[in-house]
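K.L.:
What follows is the residue order along each chain.
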Amino acid sequence: MKRYNKFICTGLFLLFQLTLYGQNVIDLRLNELLITNTEDFQDDFGVHSSWFEVFNIGYGTVDIGGCYLSNDPEDLKKYTIPRGDVLTKIKPRQHILFWADNKPYRGSFHVNFTLEDSRVLILTSSDGRTVLDMVALPTDMEPNQSYGRVVDGEGSSGPYADNSGWAILSRTSPGTNNFSLDGKSRSEMMKETDPFGLLMAMLAMSVVFLALIILTFVFKGTGRIALNRSQKKADAYHKTQKVSLAETSGETFAAIAMGLHMYANENEIHDIETTILTIEQVRRNYSPWNAKFHSLRKMPEIRKK
Amino acid sequence: MDQIINNLQQFWEYTGFANITFQHILMICIGLGFIAMGIFKEWEPLLLVPIGFGMIIGNIPLYPGFSVGIYEEGSVLNILYHGVKNGWYPPLIFLGIGAMTDFSSLISNPKLLLIGAAAQFGIFTAYSVALLLGFEANAAGAIGIIGGADGPTAIFLSSRLAPDLMGAIAVSAYSYMALVPVIQPPIMRLFTTKKERLIKMKSPRAVSKMEKIIFPIVGLLLTAFIVPSGLPLLGMLFFGNLLKESGVTRRLAETARGPLIDIVTILIGLTVGCSTQADKFLQMKSVLIFGLGAMSFIAATAAGVLFVKILNLFLKPGNKINPLIGNAGVSAVPDSARVSELIGLTYDRSNHLLMHAMGPNVAGVIGSAVAAGILLGFLS
Chain E
1 MKRYNKFICT GLFLLFQLTL YGQNVIDLRL NELLITNTED FQDDFGVHSS WFEVFNIGYG
61 TVDIGGCYLS NDPEDLKKYT IPRGDVLTKI KPRQHILFWA DNKPYRGSFH VNFTLEDSRV
121 LILTSSDGRT VLDMVALPTD MEPNQSYGRV VDGEGSSGPY ADNSGWAILS RTSPGTNNFS
181 LDGKSRSEMM KETDPFGLLM AMLAMSVVFL ALIILTFVFK GTGRIALNRS QKKADAYHKT
241 QKVSLAETSG ETFAAIAMGL HMYANENEIH DIETTILTIE QVRRNYSPWN AKFHSLRKMP
301 EIRKK
Chain V
1001 MDQIINNLQQ FWEYTGFANI TFQHILMICI GLGFIAMGIF KEWEPLLLVP IGFGMIIGNI
1061 PLYPGFSVGI YEEGSVLNIL YHGVKNGWYP PLIFLGIGAM TDFSSLISNP KLLLIGAAAQ
1121 FGIFTAYSVA LLLGFEANAA GAIGIIGGAD GPTAIFLSSR LAPDLMGAIA VSAYSYMALV
1181 PVIQPPIMRL FTTKKERLIK MKSPRAVSKM EKIIFPIVGL LLTAFIVPSG LPLLGMLFFG
1241 NLLKESGVTR RLAETARGPL IDIVTILIGL TVGCSTQADK FLQMKSVLIF GLGAMSFIAA
1301 TAAGVLFVKI LNLFLKPGNK INPLIGNAGV SAVPDSARVS ELIGLTYDRS NHLLMHAMGP
1361 NVAGVIGSAV AAGILLGFLS
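Here the protein sequences come in this chain order: E and V. Position one of the first sequence corresponds to residue 1 (my numbering), numbered consecutively onward. Position one of the second sequence corresponds to residue 1001 (my numbering), numbered consecutively onward.
Be careful, since some hints might not be right.
[As the list claims (entries may be wrong)] Derived DSSO-like pairs (lysine-lysine); straight-line CA-CA distance at most 27 Å:
no.	chain 1	residue 1	chain 2	residue 2
1	V	1320	E	220
2	E	220	V	1285
3	V	1202	E	220
4	V	1316	E	220
5	V	1202	E	232
6	V	1212	E	232
7	V	1209	E	233
8	E	184	V	1200
9	E	184	V	1085
10	V	1320	V	1212
11	E	220	V	1085
12	E	232	V	1285
13	E	89	V	1320
14	V	1309	V	1200
15	E	184	V	1285
16	V	1320	E	233
17	V	1194	V	1209
[Unchecked claim] Computed footprint of chain V on chain E; a stretch qualifies when at least three of its residues, placed anywhere within it, have a C-beta under 8 Å from a C-beta of chain V:
no.	segment
18	70-76
19	157-165
[What the hints assert, rightly or not] To list a few chain E residues with every Cβ distance to chain V over 12 Å, as calculated:
no.	residue
20	27
21	60
22	63
23	112
24	117
25	196
26	223
27	225
28	227
29	230
30	238
31	249
32	252
33	254
Hints were generated in silico from the structure; no laboratory data involved. Note that the structure is a prediction, hence the values are computed from the model and not measured. Here a beta-carbon is modelled for each residue, glycine too, at the ideal position from N, C-alpha and C.
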């Protein structure tokens, strides 16, 4: 019985993990925070409060509604992010900003604690137990200085996150990327490095050839195995006389098969004169649409004599 | 009375006659030309007839703002066009192609796969020339794929790399696919000697069912691991083939190669045709794209034929490949293989090359999907 329990527990654990993946909340990361805000970004009420950012690293929309935020490892459910708010849906590779002003009555994005008196910030999934991400708050921060992931979403995450990938940022970037590219697209960079396309042609042709050469070798191998197997079967059948199947074409097999078929089923041989068309009666399957029985308005009765 | 005259005047302004331009007339004539080629010459009629008719629909002069035109948000044509713009249709067509393609000739003689790889050279020749002509790298990649001779792949790639050029690229790709019987034979004759054209190839061996089942699974794993960006096309192609070869999903395979591919072909052909609205389509760029497309096609055919000649240098006398199947490396299935057969028969009435040419032909489909994946990976 204990053994079965083990299996059931493992199954439930896997199911639970799958549920988390299904919700995609696993893609959420705490991304940036500002503890002391005196002259940085203002909230909708024109107040300077500490703030933090959650980033969706995935390529699908994630609804953060129902998840929890806390600054206390003993109370992971301190603030419940309301469900049903359209604004809690985070688009792919986008951010969402929360105000840590201890004024939850001001809206879904105002939590019931502040960062100034916190040591840690924790994001927990809707089950209230699974820590999605956490960050230990630094103590040596200047006012209006933000602490965040150097590259959005990258670095340690989960219940055992150790702040690797986090640093004091040179500028605050609430609701936007912490790290941005220099503006050149990959195709522009490609044109700069390879203006005549020769490098690209060589590289791409090599990859195409590589892919198809691998396929060639694999199917040569499988072909050889298939031939050997059929040869062995044939050898076992003709113990005395060996037949080389490798040198026999498919057309030969087709001709032999046709000959055998015609020999075995003499009745099915086609008419001698090829100009005669053979029409066989086709058996019609039963269908209520063509049954006269169903079109009768009155059931026929047998007259008794 | 004034009211009636005003209404009549407004009605006149809404009619096509009041809004017609020379460009509209030109595009309608091109559409009629496509229909004529499809019906009377029977060059790719399944594509040219819907595209040609779509061109006529797309170039009926419209008074803007009635949510009728293909580029007007919410119109019926616009909704159908989403499948092209977002690349839904091409993978569905690949599903059908997979379900109707017999890879036996390729499995029995795997070295024919390499011809499919060599023919992709046309793509990168056009890419280089497009860069020299001043196109951006992403646009050059989308233009180059015309040389793959694969309409769905061209649409898929251009919708991601250069959506504004998609109409011209798609029409160009399908036009050249239709013109395979005209474009390829002179190139094939140019690069081969009479002796080479008479080479008789060994009959392909019989392929077991197990080999046919293994092919799509291993094919997908190998190609998609190397080029994951080609997954939508490669995944659907091999999935369709597994439906066919497994033998237990006959109904699914029949739907994929029958009604499904027919529906998607109708939608893709019609909407691509409609997208050639004169004001968006008739530009100098479109003319350049047509020129580059032709060049790409010619280079691809020549590369396939020349590669077979090089390959023959390393093959034993009995195993030589007829270079006339080299053209089939471009993936216009099965037209380019049919061209190999017809040219082969003109030199030897008993030399049937169709089955041999189908090998590089389907390898071309795989090759062009892989090439599209590489371009997408490098340039998107």
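K.L.:
The structure should be examined with respect to each hint, and the outcome stated for every one.
P.N.:
Structure-based check of all given hints:
1. Distance restraint check for residue 1320 (chain V) and residue 220 (chain E): the Cα-Cα separation of roughly 17 Å lies within the 27 Å cut-off, and the hinted pair is therefore satisfied.
2. Pair hint residue 220 (chain E) plus residue 1285 (chain V) does not hold up; C-alpha atoms about 45 Å apart against a cutoff of 27 Å.
3. The straight-line distance between the Cα atoms of residue 1202 (chain V) and residue 220 (chain E) is roughly 16 Å, inside the 27 Å bound, and the hint therefore holds.
4. For the proposed pair residue 1316 (chain V) and residue 220 (chain E), the alpha carbon gap of about 17 Å is at most 27 Å, so the pair holds.
5. Using a Cα cut-off of 27 Å, the hinted pair residue 1202 (chain V) and residue 232 (chain E) holds, with the two alpha carbons roughly 23 Å apart.
6. Our distance criterion of 27 Å between C-alpha atoms is met by residue 1212 (chain V) and residue 232 (chain E), whose separation comes to about 20 Å.
7. For the hint pairing residue 1209 (chain V) with residue 233 (chain E), the CA-to-CA distance comes to about 15 Å; that is within 27 Å, so the pair holds.
8. The hinted pair formed by residue 184 (chain E) and residue 1200 (chain V) fails the criterion: a straight-line CA distance of about 54 Å is larger than 27 Å.
9. Between residue 184 (chain E) and residue 1085 (chain V), the direct Cα distance comes to roughly 24 Å. Compliance with the 27 Å bound is thereby established for this hinted pair.
10. For a cut-off of 27 Å, the pair hint linking residue 1320 (chain V) to residue 1212 (chain V) stands: about 25 Å separates their Cα positions.
11. With a C-alpha separation of about 39 Å, the suggested pairing of residue 220 (chain E) with residue 1085 (chain V) is violated against the 27 Å cut-off.
12. Note on residue 232 (chain E) and residue 1285 (chain V): the hinted pairing is violated, with a Cα-Cα distance of about 62 Å set against a maximum of 27 Å.
13. Taking the CA atoms of residue 89 (chain E) and residue 1320 (chain V), the gap is about 62 Å. The hint is violated against a cut of 27 Å.
14. Restraint check: the Cα-Cα separation between residue 1309 (chain V) and residue 1200 (chain V) comes to about 14 Å, which is no more than 27 Å; the hinted pair holds.
15. In summary, the hint linking residue 184 (chain E) to residue 1285 (chain V) is supported, as the alpha carbons are separated by about 23 Å, within the 27 Å threshold.
16. Taken as a hint, the residue 1320 (chain V) and residue 233 (chain E) pair is broken in the structure, with Cα atoms around 30 Å apart against an allowance of 27 Å.
17. Taken as a hint, the residue 1194 (chain V) and residue 1209 (chain V) pair is broken in the structure, with Cα atoms around 38 Å apart against an allowance of 27 Å.
18. For the segment 70-76 of chain E, the assignment as covered by chain V is violated, since 0 residues bring a beta-carbon within under 8 Å of that chain's beta-carbons and 3 are needed.
19. Requiring three or more residues with a Cβ within less than 8 Å of a Cβ of chain V, the coverage given for the segment 157-165 of chain E is violated, as only 0 such residues are present.
20. With a least CB separation of 19 Å from chain V, residue 27 (chain E) remains clear of the 12 Å interface cut-off, as annotated.
21. Under the 12 Å C-beta cut-off, the non-interface status given to residue 60 (chain E) relative to chain V holds; the minimum distance is some 15 Å.
22. At roughly 23 Å, the least C-beta separation between residue 63 (chain E) and chain V is larger than 12 Å, which holds for a residue marked as non-interface.
23. For residue 112 (chain E), the non-interface assignment is confirmed: its Cβ lies about 42 Å from the closest Cβ of chain V, beyond the 12 Å cut-off.
24. The Cβ of residue 117 (chain E) lies farther than 12 Å from every Cβ of chain V, with a closest approach of about 47 Å, so its non-interface assignment holds.
25. Distance check on residue 196 (chain E): its Cβ comes as close as 6 Å (rounded) to a Cβ of chain V, failing to clear the 12 Å threshold; non-interface status is violated.
26. For residue 223 (chain E), the non-interface assignment is contradicted: its Cβ lies about 7 Å from the closest Cβ of chain V, within the 12 Å cut-off.
27. The Cβ of residue 225 (chain E) sits about 9 Å from the closest Cβ of chain V, inside the 12 Å cut-off, so the non-interface label is violated.
28. The claim that residue 227 (chain E) lies off the interface is violated: its Cβ sits roughly 7 Å from the closest Cβ of chain V, which falls inside the 12 Å cut-off.
29. At roughly 7 Å, the least C-beta separation between residue 230 (chain E) and chain V is not larger than 12 Å, which violates its mark as non-interface.
30. Distance check on residue 238 (chain E): its Cβ is at least 17 Å (rounded) from any Cβ of chain V, clearing the 12 Å threshold; non-interface status holds.
31. Chain V draws residue 249 (chain E) into its interface by the beta-carbon criterion, the shortest separation being 3 Å against a cut-off of 12 Å.
32. The Cβ of residue 252 (chain E) does not lie farther than 12 Å from every Cβ of chain V; its closest approach is about 8 Å, which violates its non-interface assignment.
33. At roughly 9 Å from the closest C-beta of chain V, the C-beta of residue 254 (chain E) falls inside 12 Å, breaking its exclusion from the interface.
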